[in-house]
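Using the sequences and the accompanying hints, generate a full structural model.
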Amino acid sequence: MSDLLHFLDQIWLARYVILKGLGLTVSISALAIAAGSVLGILVGLSLTYGNILLRSVVRIYTDFVRGTPVLVLVLASFYILSAVGIDLNAFQAGVLALAVFCSSHVGEIVRGALQAIPKGQTEAAKAIGLTFRQTFVSVLWPQALRQMLPTWVNTAAEMVKASTLLSVIGVAELLLRTQEIISRNFMSLQFYFLAGLLYFVINYGIERFGKYVERKTAVPS
Amino acid sequence: MSDCLLEISGLRKFFGPVEVLKGVDFSMREGEVVSIIGSSGSGKTTMLRCINMLEEFQGGTIRLDGETIGYEETASGRKRKSETEIARQRALTGMAFQQFNLFPHMSAVENVMLGLVKVKKMGREEAREIALKWLERVGLAERAGHYPGQLSGGQQQRVAIARAIAMNPKLMLFDEVTSALDPELVGEVLQVIKDLAADGMSMLLVTHEMRFAYEVSSRVIFMNQGVIGEQGDPKVMFNAPQSERLAEFLKTSSFV
Ligand SMILES: Nc1ncnc2c1ncn2[C@@H]1O[C@H](COP(=O)(O)OP(=O)(O)O)[C@@H](O)[C@H]1O
Ligand SMILES: [Mg+2]
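Residue numbers (this note's numbering), protein chains in the order written: chain U, -14 to 206; chain S, 517 to 772.
Mixed in with the good hints there might be a few duds.
Here are the computed distance ranges between Cβ atoms for each label pair [to be verified]: (1) 56/U with 639/S: 50 to 60 Å; (2) 657/S with 52/U: 53 to 63 Å; (3) 668/S with 122/U: 24 to 34 Å.
Hint data in this document are derived by calculation from the structure and do not stem from the laboratory. Nothing here was measured: the structure is a model prediction, and the numbers come from that model. Even for Gly, the Cβ is constructed at its ideal location relative to N, Cα and C.
Dropping the structure here:
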């Protein structure tokens, strides 16, 4: 019992540090997911509709990124970019690495969703005189969005987990903050558990939100 | 032949090295109802798809209501028209597909409205009014708010026909619109087509329903291996086929 009180006491003492870490984790993830999704949509469109040259270039990009450990991307973004004169701080470099990682996954998701739509949809749209752009906006994209929502939510949750990797380049997100706290009070078991719980809560929230949107946008059948 | 609605001459279409349409010549006048029959693989679907520019074709011309469809002759040869121009020309014909191809994320009325709003640039209210009128014509007024997933195959096909007709096309193309339906749903769709025919709609339809072709068509064309084998009044053709091929085909098809 007194152990628990002691733990709660320590949490209270460290509350600002924890909240700061949590805030940074959320910001990193949100930025990476947002930027990565926008970039990923462009990647997906290029893979689906680009000419052979664009497709090949983007294909190499996604395969390369997906074949590289995220930690390597994070380190490369931080150390290599500064070596070639692009000066990003740790936060920026980390978010960039995660966004790039995210974009390769979202790109595949978008491509998969668009290609899964039966060809008859495009043909029916053409047959009533819609241009490609109109077909895309009114017919293909709304269907693709619904189709990819669950996988996209998974990717978002993966990004939250991957944000912990930014601790190695000194970004004081939740994991690094947790380690800081532990180095002071030596309660590693308890505080790693707390960190784990907080990550779970974030991802559970993302998942619930995804389910909610899925329900809201479901097509009656 | 300026009173022709549709005039196809020397139409040739290749899929890779395979010649699927080998010089099709065909014309029809406004208000005609022409059925295309023929065994599977003879090129019926491909011919309809060329008229609607869903397929490219390599030789010959298609003229619809005085316009040359899809390609233009330039000094440097035959050139595909711009995509905007092709999109506009596609709206001159309406097409109903074997698989309906309704947009699953839109209700019946939204399916019909889409082309009116996007292509005809109508306001939503006007478009809805017209869409509802056509849904009523195909007997689905009370299903206007339903989604394709909530409709039977026959109902979906009727919505698809309404969607095409609402665009006020010069010519309706039907490609085996009852082939994917359960037998008990075929009748309601054929009835809709009959009603449209009675209204004077020009139509070109591929069908395996020989009885229907016999009753509804002013003319039947028999496609055989990428060319028109025989054509004429269904009453004459079905009762006294000229060619061995057609006689053979009629024997194996459901016509009684
Ligand atoms: N997309 C395609 N690619 C290659 N060959 C095709 C394609 N579509 C149709 N064909 C071929 O063209 C021929 C005519 O097909 P189709 O017009 O569908 O015949 P029908 O509608 O009379 O059954 C067939 O031999 C078919 O295999
Ligand atoms: Mg066919």
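Checked hints:
1. At about 56 Å, the beta-carbon gap between residue 56/U and residue 639/S stays in the expected band of 50 to 60 Å.
2. In this structure the hint that residue 657/S and residue 52/U lie 53 to 63 Å apart at CB holds, the actual value being about 56 Å.
3. Roughly 29 Å separates the CB atoms of residue 668/S and residue 122/U, a value that falls within the hinted 24 to 34 Å.
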